[in-house]
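Listed here are the chains, written in short residue letters.
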Amino acid sequence: MNVATHPAGRVDISGITIALGEGQNAFRAVQALDCQVESGQFVCILGPSGCGKSTLLGALAGHLQPVEGSLKVDGLPVQGPSPQRGIVFQQHTLFPWRSVRENVAFGLKMNGVGKAERLAAADEMLALVGLEGFAGHWPDQLSGGMQQRVEIARVLINRPRLLLMDEPFGALDALTRMKMQELLLDIWTRIRTTVVFVTHDIDEALFLADRILVMSSRPGRFIEDLQLDFPRPRSTELVTRPEFSRLKRHCLELLHHEDGRQLPRLNPLGLPNDHHGLRLAL
Amino acid sequence: MLASRWIPRIFSLLLCLLFWQLAASNHWNLWLVTFINVPTPLAVVQAAVGLVDSGRLMQHLSASLSRVFAGYLAALLIGVGLGVIIGRSRWAEDLLLPPLEVLRPIPAVAWIPLAILMFPSSELSMVFITFTGALFPILLNTVHGVEAVDPRLIASARSLGAGRRAILLEVILPGAAPSIITGLAIGMGTSWFCLVTAEMISGQFGIGYYTWESYTIQNYADIVVGMLLIGLLGMGSSLLVKRLGHLFTPWHRTRGKA
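Residue numbers (this note's numbering), protein chains in the order written: chain D, 1 to 282; chain P, 1 to 258.
Just so you know, the hints here were simulated from the structure itself, not pulled from any lab data.
Any given hint could turn out to be false.
Restraint ranges, calculated between C-beta atoms of paired labels, are given here [to be verified]: (1) D:Ser49 with P:Arg243: 42 to 50 Å; (2) P:Trp91 with D:Lys115: 35 to 43 Å; (3) P:Leu168 with D:Ala171: 25 to 33 Å.
From chain D, some residues computed to sit far from chain P (all C-beta separations above 10 Å) [what the hints assert, rightly or not]: (4) Ala26; (5) Met110; (6) Gly130; (7) Asp140; (8) Leu185; (9) Arg192; (10) Phe244; (11) Glu253.
Just so we're clear, the structure is a prediction, and the values are computed from it rather than from any experiment.
Each residue gets a CB set at the ideal place from its N, CA and C atoms; glycine is no exception.
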């Protein structure tokens with residue numbers, strides 16, 4: 001695995017407002033957001049449920065269109081989804097009809113890479129996320145943590161400038177989540193890319209990030225911009241340090257202040273699914 | 001384990017046969033239903049032997065099979081094609097689904113006069129009627145399957161560089177495949193279902209024609225032979241479709257067996 005250092009991945013968010021819903025029910029999920037993310041930085045966006053942090057991520061991925069403002073990655077405006085901006089959802093989105101290996105190789109297939117070459121590359125990525133022996137499995141045969149590892153491998157095989165993660169470990173148990181956080185940092189040191197990681201878990205944000213952007217309740221605005229200089233590589237022992245606790249208390253206060261009302265969760269594709277009525281299929 | 005499940009299946013079939021034999025040979029009259037004029041299984045077997053001996057069985061079979069499969073193949077192509085378009089586009093749904101919903105409840109038998117008028121040969125009219133039988137289950141299950149594809153999978157594919165064509169081939173079709181296969185299996189059955197109706201038009205061959213003809217000349221044992229043949233062929237071909245379906249969706253079997 002070659003250690004590629006991308007100089008790319010600088011994000012410019014200026015004056016972004018994103019509206020969701022239609023007609024009467026339309027609302028502004030995030031309003032007038034401004035921030036710059038340096039290339040190669042690991043940024044966590046921390047905020048209460050429904051604050052629009054996933055909405056911002058969806059816009060960065062190109063799945064949602066802002067009504068105002070501009071989004072640029074390395075100076076180029078974001079126009080629709082791109083393999084340059086990979087996204088990992090909370091629940092895996094692996095194709096159940098493709099083996100783990102073929103799932104990981106998917107991006108290369110879309111890019112026209114030949115079969116032998118892309119499958120070999122997929123095996124390499126799977127080794128990087130510690131899943132050498134599972135290339136031939138179906139995604140449904142893996143545990144939740146393994147599925148997310150495959151998902152990360154599938155996104156990273158495209159060598160994106162930007163890795164967008166929407167509470168990727170939110171559905172995992174505490175122990176698996178901690179292992180996944182360490183694994184993610186380990187992978188990130190090898191495949192350097194800008195990471196924007198959305199979470200509502202303060203410990204997770206503090207453990208992972210170079211920088212935390214704290215978001216207010218809806219409509220989301222940034223209310224705090226924390227630079228973290230905990231040395232890397234980091235280990236779980238970090239969470240017991242007094243400095244960590246101090247910052248955690250600070251974040252808790254910020255979030256507690258914002259925790260006025262419970263809002264339904266949003267996702268990077270907009271609102272939670274509006275279900276089709278059942279259609280009789282006869 | 002397999003054997004243990006086949007035993008009750010065969011037993012249940014034998015039980016039905018036994019009931020039929022008793023009811024028909026004793027001319028049971030069960031208030032609402034009467035078995036006075038129903039041929040016994042033995043008479044049916046004799047009629048079946050008679051059909052085989054007449055040497056026309058193969059002609060009947062091949063005529064029916066080719067009609068059902070021609071109609072079915074057309075329904076497969078049109079049903080899956082239209083289903084994907086309707087499932088993907090709201091515009092197409094509004095444009096195409098209303099007329100199809102009007103046509104859907106029309107029974108095959110009501111199509112006979114128009115089918116004769118619209119198609120140049122009676123052979124094509126018959127194929128058309130088996131086609132109408134298979135079309136709607138295939139179409140509606142395809143629409144249903146396509147609409148049920150997780151939008152997150154489509155979003156993910158787009159973020160991984162998939163274009164419209166790749167999304168259709170790599171995400172929509174495999175995602176809808178289990179539902180499409182269900183539609184294909186149901187459609188196979190309904191296609192046979194319409195066979196007797198279709199072959200009312202026929203002047204010579206076909207299992208449906210044979211059944212209908214036996215009715216008009218009041219040959220009751222032959223009717224039952226025709227009925228059973230249609231039942232068996234329908235069951236066999238539905239089973240074949242399901243088996244093929246399993247081959248095409250290997251991931252679907254392993255679900256939940258991790």
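Verification of the supplied hints:
no.: 1; hint: D:Ser49 with P:Arg243: 42 to 50 Å; in the structure: 47 Å, holds
no.: 2; hint: P:Trp91 with D:Lys115: 35 to 43 Å; in the structure: 37 Å, holds
no.: 3; hint: P:Leu168 with D:Ala171: 25 to 33 Å; in the structure: 29 Å, holds
no.: 4; hint: Ala26; in the structure: 19 Å, holds
no.: 5; hint: Met110; in the structure: 4 Å, violated
no.: 6; hint: Gly130; in the structure: 18 Å, holds
no.: 7; hint: Asp140; in the structure: 5 Å, violated
no.: 8; hint: Leu185; in the structure: 23 Å, holds
no.: 9; hint: Arg192; in the structure: 20 Å, holds
no.: 10; hint: Phe244; in the structure: 33 Å, holds
no.: 11; hint: Glu253; in the structure: 34 Å, holds
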